[in-house]
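For reference, the chains in residue letters:
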Amino acid sequence: MNYKVDKTIDCTGLSCPLPSVKTTLALEHMEVGQVIEVLTDDPVSKRDLPVWAQSTGNELLGIEEDNKVIKIYLRKAE
Amino acid sequence: MTEQTKNKGSVTIVLFSGDMDKAIATFVIATAAASMGMKVTIFFTFWGLNVIKKEGGLIKGQNWMQKMLNIMNYGHAKKLAISKMNMFGMGPAMLKTMMSHKKVPSLQEFISIAHSLGVKFYPCEMSMTVMGLKKEDFIDECEDVIGAVSYLSIAKETTINLFI
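Here the protein sequences line up with chains A and B, keeping their order. Using the working numbering, you'd call the opening residue of the first sequence number 54 and step up by one each time. Using the working numbering, you'd call the opening residue of the second sequence number 92 and step up by one each time.
Errors might be hidden in some of the hints.
Think about it this way: if two alpha-carbon atoms lie no more than 30 Å apart in a straight line, the pair counts; the simulated DSS-like pairs of lysine-lysine are [claimed, not checked]: (1) B:K194 to B:K170; (2) B:K226 to B:K193; (3) B:K145 to A:K57; (4) B:K247 to B:K187; (5) A:K57 to A:K75; (6) B:K170 to A:K124; (7) B:K151 to B:K193; (8) A:K75 to B:K225; (9) B:K170 to A:K75; (10) A:K60 to A:K75; (11) B:K193 to A:K121; (12) B:K113 to A:K99; (13) B:K225 to A:K121; (14) B:K211 to B:K187; (15) B:K211 to A:K99; (16) B:K211 to B:K225; (17) A:K124 to B:K225; (18) A:K99 to B:K99; (19) B:K113 to B:K193; (20) A:K75 to B:K151; (21) B:K151 to B:K225; (22) B:K211 to A:K57; (23) B:K187 to A:K99; (24) B:K194 to A:K124; (25) B:K170 to A:K99; (26) A:K99 to B:K194.
Part of the chain B face toward chain A, derived, beta carbon under 10 Å [unchecked claim]: (27) N98; (28) G100; (29) L186; (30) K187; (31) S207.
The hints are simulated quantities; they were obtained by calculation from the structure and are not laboratory data. Ideal Cβ positions, reconstructed from N, Cα and C, are used throughout, including at glycine.
Construct the complete structure from the given sequences, taking the supplied hints into account.
Next comes the structure, spelled out in structure tokens:
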């Protein structure tokens, strides 16, 4: 992992569509180029958040899985 | 419409039903679409108006028929029936418990999330006139009261149109 995480949001226990909603709301208070780490245990979000990133233009940096927790890294675009 | 909204698409939903389950489905789609940067508009008509009614105020309307309709059709975001297995209110109560166990937001929470994401709520003018309801009977999140023509002028520009 060669990027600095600027903010982490914990979406564990939350179901669709809350992880993408919370990510959107968190990104509103972040600068362009900053990196957000989204923690989720919802398998749907693992598929949905990359689609969300593609559709909003934010960059998907990577997905890591640690036991049940899925960590998704995104970089804010303009 | 700006170039950006065109690329990301937009959604209009007509919420005709006043059932809690259908209203939740509406708000799941609306909030997901808004999080994707889509412009979202929900047009509440007929029974769907119950979803955005303020709590309280049982007797509304000008004549006895409107008053009776509003008493029998009493409801707001916290008090709505479900479309199947309502069982005199036991169904909705159980569904709410099951949803909170799974951390799914309640309808009121969905309304405030949708509002903070910029989803626009429009009550339908014609149904309001028929039922004898006024703008003050609805929650403050609502935009102006609009008619079918204004709804269609928004809908014809959008990429996704749903009737629930």
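Okay, the hints, checked on the actual structure:
no.: 1; hint: B:K194 to B:K170; in the structure: 19 Å, holds
no.: 2; hint: B:K226 to B:K193; in the structure: 35 Å, violated
no.: 3; hint: B:K145 to A:K57; in the structure: 46 Å, violated
no.: 4; hint: B:K247 to B:K187; in the structure: 36 Å, violated
no.: 5; hint: A:K57 to A:K75; in the structure: 20 Å, holds
no.: 6; hint: B:K170 to A:K124; in the structure: 37 Å, violated
no.: 7; hint: B:K151 to B:K193; in the structure: 36 Å, violated
no.: 8; hint: A:K75 to B:K225; in the structure: 34 Å, violated
no.: 9; hint: B:K170 to A:K75; in the structure: 26 Å, holds
no.: 10; hint: A:K60 to A:K75; in the structure: 12 Å, holds
no.: 11; hint: B:K193 to A:K121; in the structure: 16 Å, holds
no.: 12; hint: B:K113 to A:K99; in the structure: 26 Å, holds
no.: 13; hint: B:K225 to A:K121; in the structure: 50 Å, violated
no.: 14; hint: B:K211 to B:K187; in the structure: 25 Å, holds
no.: 15; hint: B:K211 to A:K99; in the structure: 29 Å, holds
no.: 16; hint: B:K211 to B:K225; in the structure: 18 Å, holds
no.: 17; hint: A:K124 to B:K225; in the structure: 48 Å, violated
no.: 18; hint: A:K99 to B:K99; in the structure: 21 Å, holds
no.: 19; hint: B:K113 to B:K193; in the structure: 18 Å, holds
no.: 20; hint: A:K75 to B:K151; in the structure: 38 Å, violated
no.: 21; hint: B:K151 to B:K225; in the structure: 9 Å, holds
no.: 22; hint: B:K211 to A:K57; in the structure: 36 Å, violated
no.: 23; hint: B:K187 to A:K99; in the structure: 26 Å, holds
no.: 24; hint: B:K194 to A:K124; in the structure: 19 Å, holds
no.: 25; hint: B:K170 to A:K99; in the structure: 34 Å, violated
no.: 26; hint: A:K99 to B:K194; in the structure: 18 Å, holds
no.: 27; hint: N98; in the structure: 9 Å, holds
no.: 28; hint: G100; in the structure: 8 Å, holds
no.: 29; hint: L186; in the structure: 14 Å, violated
no.: 30; hint: K187; in the structure: 15 Å, violated
no.: 31; hint: S207; in the structure: 7 Å, holds
Of the numbered hints listed earlier, those contradicted by the structure are 2, 3, 4, 6, 7, 8, 13, 17, 20, 22, 25, 29, 30.
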